[in-house]
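Each chain is listed here by its residues.
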Amino acid sequence: MIVELGHFALVLAAVVAVLQMFFPLVGATRRWPAWMAVADPAAVAQFLLAAIAFGALVWAFVTSDFSLRVVIANSHTAKPLIYKISGTWGNHEGSMLLWVLVLAAFGAAVSVFGSALPPTLKARVLGVQAMIGVAFYAFILFTSNPFERVPFPPMNGQDLNPLLQDPGLAFHPPFLYLGYVGLSVCFSFAAAALLEGRVDAAWARWVRPWTLAAWVFLTIGIALGSWWAYYELGWGGFWFWDPVENASFMPWLIAAALLHSAIVVEKRESLKSWTILLAILAFGFSLIGTFIVRSGVLTSVHAFANDPERGVFILAILAAALGGSLTLFALRAPAMQARGVFGMVSRESALLLNNVLLAVSSFVVFVGTVWPLAAELFFARKLSVGAPFFNVAFTPFMVAIAIVLPVGAILPWKRGRIRRALWQLRHALILALALGALAWAVQTGRSALGPIGVALGAWLVSGAAVDLFLRTGRGRLVERLRRLGRLPRGDWGRGLAHAGLGIVIFAIAGLLAWQKEDIRVLKVGESFTLGAYTLTLENVHEVEGPNYVATEGIFRLERDGKVLDRLRPQKRIYPVAGMPTTEAAIDQSLLRDVYVVIGDRQAEGGWAIRSYIKPFADWIWMGAIIMALGGLLSLSDRRIRVATAAARRPPAAGVPAE
Amino acid sequence: MLRILVLVLGLLSAHGALAVQPDEMLADPALEARAREISKGLRCLVCQNESIDDSNAELARDLRILVRERLLAGDSDEEVVQYIVDRYGEFVLLRPTARGANILLWISGPLMLAVGIGLVAVYLRRRALGAEPTPKALTEDEKRRLEDILRS
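Chains as they are written, first to last, in the numbering used here: chain C, 44 to 701; chain X, 1190 to 1341.
Simulated from the structure, these hints should not be mistaken for lab results.
There may be inaccurate statements among the hints.
Stated by the list, open to error - Covered by chain C, according to a simulated footprint, are these stretches of chain X (three or more residues, beta-carbon under 8 Å):
| no. | stretch |
| --- | --- |
| 1 | 1234–1247 |
| 2 | 1280–1286 |
| 3 | 1295–1302 |
Claimed, not checked - Sample of chain C residues lacking proximity to chain X, with all beta carbon distances greater than 10 Å (derived):
| no. | residue |
| --- | --- |
| 4 | L91 |
| 5 | I95 |
| 6 | S107 |
| 7 | F218 |
| 8 | L358 |
| 9 | A362 |
| 10 | G367 |
| 11 | L524 |
| 12 | K559 |
| 13 | Q631 |
These figures come from a predicted structure and were not determined experimentally.
For every residue, glycine included, the Cβ atom is placed at its ideal position computed from N, Cα and C.
For reference, chain X alone in the conformation it holds in the complex:
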């Protein structure tokens, strides 16, 4: 009974535990390594934030096989990626291109760093040159409290 249950449920959830299946892999290790590297940069369309290299979904498997077919056909890495992007859109790229508005995304970090360093430099100059401001006079409350402390 248990055995049957396992079998049935196993069939129901056909995409099991593994991402890259042994039968998908190419015989040529160099080509296979390239396929893996490309797969890591392509998003599984039906998954959430997983590359096709990591995903268990059927569609990811199809894409992995497609990548390998293109490689066998002699495409370069860029051509394979372009082939997939042409069919599925730039949504599949886990590493967004630096074209168009995406330039904002890529330069936001360096730009912010430059701004930050600039602000810090200005601040540091002021701190290095500025004199210590004279401390503010005590408020009435504080004076009273100081007297209390001094008296006790």
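In isolation and in its complexed conformation, chain C is listed as follows:
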């Protein structure tokens, strides 16, 4: 009954989305207020209906309703409750339902928070948002209906892919979707602005918080996924340049570019058409990502739905969305007039350079991701493009961004001087070079990767500190320090986000350059040294979990004769899914992780053991979280709050005097 209710709500949500698309868009063209007004209640109603549908599916998973096809394929009664819930979106149908739920939620949020928007703009934004919704409702209802029943329900389900039964991965997709789909709002704003034929500072101010929110969610989602890969896949890798990872990384890069170019539109009324294009591309890459994941066209670990029919449907959505919006762009963009005049060296041009680097690096990732497909289609060559390519082709862009970022951040608007900026940054520069040299001296005879990472990281972090300090103006040091606390949150957000990037760059370089690895056979009672540590295999025994059985090794971790920790790596087997997983045991600390994995029993006795020292590993995700916090802080800035507060006041000039 509840399932039917959910199914019905989903159909109804689709119908409401059609109304929300038709009436406001026509109304905005004809200037009919009553038609435009349909948008608000429709957006809220559509969200509520989608929420009911999603809730019904969660219910079916929680109660293990095995009359539903998706529940059979992705659940089991013995599974812990949290993974029953996360199983809802751990499959194709459910994740698409989550997708439209988030889409509808963003639409409702625009309706609720956007009462200060000019009525035609708002109607058009919500209309375009509904248009995307209609496409995806159709996709779900016609090709991947989660509410499909089977005539003869089995006694139990087939269990969720064990790799997905993990806290990190349970919340990875929702965050990623909040990011992906959040960019749909930017897209809708861009399309609406093109329809309106006007882009101004106010438009940029409305778009920025949505971009920022989407970017923050994407950052968290990507960080969660990478953290999961680190501890779950068994060799401590954190980024594989897998097509599906790239699919989430490309929108992240474009969203970062959009964030920065929207600032130029807001403050200086320039880069308008470029910003619109970025907004279209950002969501375009989200759709491409969805296409890559859903169609399985580029085989990868993540593709759980290899269904060509679905792929073609999403490709059609992609073509319609990108084709339509780019045509509109070509027609209308030339009318967008730039106002601001600025010099070659200025914050505007620095932000432009940031945009070029981010956009081109995203393009490189895109080309690398689709190249195997292109090579097969056009040149009849079957080839692979893997991590070694991306490391070579992508990294220089990040290095370039890291080098110019602190300088660009402190350049004044309109016209600046590089020498002056460098002089202001002299302490940061000296610190970065000194630390890099120190790292070079300490590690004798290894690659330059580590020292470069240290120097770039220090440059970014101290550059962010200088940037904040320069904001405090002139005066005595004590006064300036006091003023530091009163800076707008946007300034602090920028500083934090830039520093976070520095930490991530440093951590990745440090981890790759200085990690230690050991592979050996170990019998119970034996020990070995790994760097400064001693690991002893105390025991190996079997453990029974709720829906798996595991072989668990118990290791004693010692340093200088002092016991630091007991590590318990497991090798799990999930009988229902018939699949093994490794659970690495990690002793975490600020400066390094000790990472141990247990493998197979060897014929001659003993166990295969893999262990690592991973320096600064946790800094990667710490840095990502700091970046996200910076974004959140900017989001809470007074200017944005003032904008929403103003929105709550009734419009001043609404009713004409009789």
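Guided by the hints, dock chain X onto chain C, whose structure is given.
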């Protein structure tokens, strides 16, 4: 019972948790390091986007052993890679060659950067030289709204 279950399932899924197994490794650390470096650039054919160094599959194990055999036979790194490519095709290379159409792949980034910088330079010149355009006159709507605001 549990023990038997573990054993049976362990046999069923023979490729367990580890990629490089201790018994595959070469005694000579320098040679082994070269083997690891080569393995990181070769794709496991039955896996999805994994190098043979990371993969747990049987085939990846065979390839790892093959790489080490060739190294022991005295091949250079390039010769080992060529040996594998001759048998399995360029599909095994995680880092595609820069031959033929692949040149497009390799130069697309630098080329796009050059185009981007060029466009930016042109744009910046225009911005630096151009005068601020005169603001457009207000529309009727805006005029009315301005009057309302000024009156209140």
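If I take the minimum Cβ distance from C:L358 to any residue of chain X, is it greater than 10 Å? holds (21 Å)
Just checking, C:A362 versus chain X, shortest CB gap more than 10 Å? Holds: least Cβ distance 22 Å, greater than 10 Å.
Distance rule for C:L91, whose beta carbon must clear each one in chain X by more than 10 Å: Per Cβ check, C:L91 is outside 10 Å of chain X; nearest 34 Å; holds.
Outcome, coverage hint (the stretch 1295–1302 of chain X, chain C; C-beta under 8 Å; three residues): holds (count 5)
For C:K559, is the shortest CB-to-CB distance to chain X above 10 Å, so the non-interface label stands? holds (13 Å)
Against chain X, does C:F218 hold up as non-interface, every C-beta pair farther apart than 10 Å? holds (23 Å)
Non-interface claim for C:I95 versus chain X (Cβ beyond 10 Å): Consistent with the label, C:I95 stays out of reach of chain X, its closest Cβ about 37 Å off (over 10 Å).
Checking the smallest CB distance to chain X, is C:L524 really beyond 10 Å? holds (37 Å)
Are at least 3 residues of the stretch 1280–1286 of chain X within less than 8 Å of chain C when you compare beta carbons? Satisfied; 6 residues make the cut.
Per the stated criterion, does the least C-beta distance between C:Q631 and chain X lie above 10 Å, as a non-interface residue requires? Holds, since 20 Å exceeds 10 Å.
No chain X beta carbon within 10 Å of C:S107's: holds (23 Å)
Quick check: do three or more residues in the stretch 1234–1247 of chain X have a beta carbon closer than 8 Å to a beta carbon of chain C? holds (count 5)
The earlier numbered hints are all upheld by this structure, with none contradicted.
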